[in-house]
Amino acid sequence: MPKVVSIHSYRGGTGKSNFTANLATTLAMQGHRVGVVDTDVPSPGIHNIFSLEPEQAPVTLNSYLWGEAAIEEAAYDVGGAAGIAAAGRLFLVPSSVKADDIARVLKDGYDVKLLNDGFRKLVKALELDYLFIDTHPGLSKETFLSIAISHVLILILRPDKQDYQGTAVTIDIARQLNVRKMLLAINKAYSSLNFDVLKQKVEETYGAPVAGIFPLSEEVVQLASEGVFCTKFPDHPVSQEFSKVAAHITAEG
Amino acid sequence: MSKGDFSALASSIQAVASPFRQYLNDLHERYQGALDGAVADYIPELALADPNWFGICVVTKGGQVFEVGDCDKLFTIQSISKAFVYGLALEDHGRDYVNSKVSVEPTGEAFNAIVLDEATNRPYNPMVNAGAIATADLIKGDSATERLKRMLAMFKRYTGRDLDVNVPVFLSEKATGYRNRAIAYLMLNFGMVTDRVDETLDLYFQQCSIMVNAKDLAMMAATLANGGINPVTGERALDEHYVQDVISVMLTCGMYDYSGEWVYRVGLPAKSGVGGGITALAPGKLGIGTFSPPLDAKGNSYRGIKVCEDLSRDFGLHLFNVAKASHDLDDWLTGSGADSW
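Chains as they are written, first to last, in my numbering: chain A, 542 to 794; chain B, 88 to 428.
Just so you know, not all the hints are guaranteed correct.
Said to hold, decoys possible - DEER-style ranges, computed between Cβ atoms:
(1) A:N719 x B:D401: 17 to 25 Å
(2) B:D92 x A:Q706: 19 to 27 Å
(3) B:R237 x A:A644: 34 to 42 Å
(4) B:A240 x A:S584: 50 to 58 Å
(5) B:K385 x A:A792: 50 to 58 Å
(6) A:N719 x B:T207: 31 to 39 Å
(7) B:E233 x A:A611: 51 to 59 Å
(8) B:D113 x A:S733: 48 to 56 Å
(9) A:Q706 x B:R117: 46 to 54 Å
(10) B:K385 x A:G748: 57 to 65 Å
Calculated from the structure, these hints are not laboratory results.
Beta carbons: idealized from backbone N, C-alpha and C, even for Gly.
Kindly generate the complete structure, drawing on both the sequences and the hints.
The structure is reproduced here in structure tokens:
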């Protein structure tokens, strides 16, 4: 059975797209067939991490939502760019970065049913083992949908008060939508913090497991400026942490 | 966002994400390409239907609505009206009187057969044309207009929206309805209908020319499945004592001379019409409305039958099913437990 994994954060700037790209790549490296859909239609970004230039990707998620293309036509093999040797393992469906396209989606909206049908068609057409949904920060219809259809919901938060509150709201909604499995990931944690204490505290606060803690590190930011970190530096502790999160996702149940 | 707003949004998202909706999508995809059957052409208006039109709608007892394909496309209700008008006649006169005018025996004859029960001169059942015309004769009202208005008001209680008669179809049915006229006069000869024959025939042609869509048919079936109360509006459409009368004749006589095999294979009370519609229900559970104009040799919608067969089998909806179904309806509706990926 394919698994749908939604990555969400209440606020922007949590490093959601970077996290999604690395986690998806980690699973693809393990031999799984992985798709990533950028549903952050108002502010697309994950294509940058996979070095997919807008000129190389004329067909986008927008084209599908407007009935101009099948969703699989908007899927690009980004495995090579991510540093995976084997082809046909990692696909990205980007959103359009053209100002007109973004404006059109914001103005006219789209049928959320279509998005749901698109996810399913993509999983079938590309025979995916895992589908990652990168969402727009905050709460919206798309967020609700991605939460409702996910096998695993990963909430990314930074250890500060604003994120704590927002995450609490999201968790409440996710529980009401009968989310099947929820994981927390803490990003940009100060290295001075005791990670074990932090993990315990966050788990107690939300009643959900923390699957990984990622430090705020200048070194990582510099190294990760281009390409996917975990394939470039597979032995780095951050890459190991992604493997730990991946193990939570591949685990049964 | 108030709590109410949130639940409304959450419930609409859950309906979108529901594995059951995905099941219906797959069903639609499976049969969209099926090209068997032919569009009815006995009147020109029906022949204009596009054979590709195809809608499936399911309304649950709890009022959840699932739609796939052409569910808003309007078409004429045709014979499906017969079951519901029978309910109105029962309310107007009670069971005994209605029974004295129309029997409830399946015929095995075609829907337009000119045949009456030899011992009592009653038409065999309210689902064949003879029985439907005798039933329309029973609808109370001081004038043709009032009788039609009462019928339309009754349909509105089932569908939750105003319905209209398609006048060109009505006139076309009226202009070419020689056989139905013959049936009506034969029944007048035996004293089984009153002498307002032309008015009743007009009413009958009008009831067949009411415009509905697949969603209406699902809502009507769901209303019967819900004991006569529309699950969305909460309005009562039929006295609860007569619900079992209506669905019994649907079960035994609803699918023309395919009714026996229908009960065996599908086991759901249903009524089909030559416009391409089928309304079917799983009592206490849900209503199904399908629309696809191509008809099989018995006059039932080809794709509609396929859809009902699959739904009945996969969710164990057959009335007499005692085996565990491959799909648990509640799980598939709520998404808990069922994984449609």
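Here's how the hints hold up against the structure:
{"no.": "1", "hint": "A:N719 x B:D401: 17 to 25 Å", "in the structure": "22 Å, holds"}
{"no.": "2", "hint": "B:D92 x A:Q706: 19 to 27 Å", "in the structure": "20 Å, holds"}
{"no.": "3", "hint": "B:R237 x A:A644: 34 to 42 Å", "in the structure": "53 Å, violated"}
{"no.": "4", "hint": "B:A240 x A:S584: 50 to 58 Å", "in the structure": "53 Å, holds"}
{"no.": "5", "hint": "B:K385 x A:A792: 50 to 58 Å", "in the structure": "53 Å, holds"}
{"no.": "6", "hint": "A:N719 x B:T207: 31 to 39 Å", "in the structure": "57 Å, violated"}
{"no.": "7", "hint": "B:E233 x A:A611: 51 to 59 Å", "in the structure": "54 Å, holds"}
{"no.": "8", "hint": "B:D113 x A:S733: 48 to 56 Å", "in the structure": "53 Å, holds"}
{"no.": "9", "hint": "A:Q706 x B:R117: 46 to 54 Å", "in the structure": "47 Å, holds"}
{"no.": "10", "hint": "B:K385 x A:G748: 57 to 65 Å", "in the structure": "59 Å, holds"}
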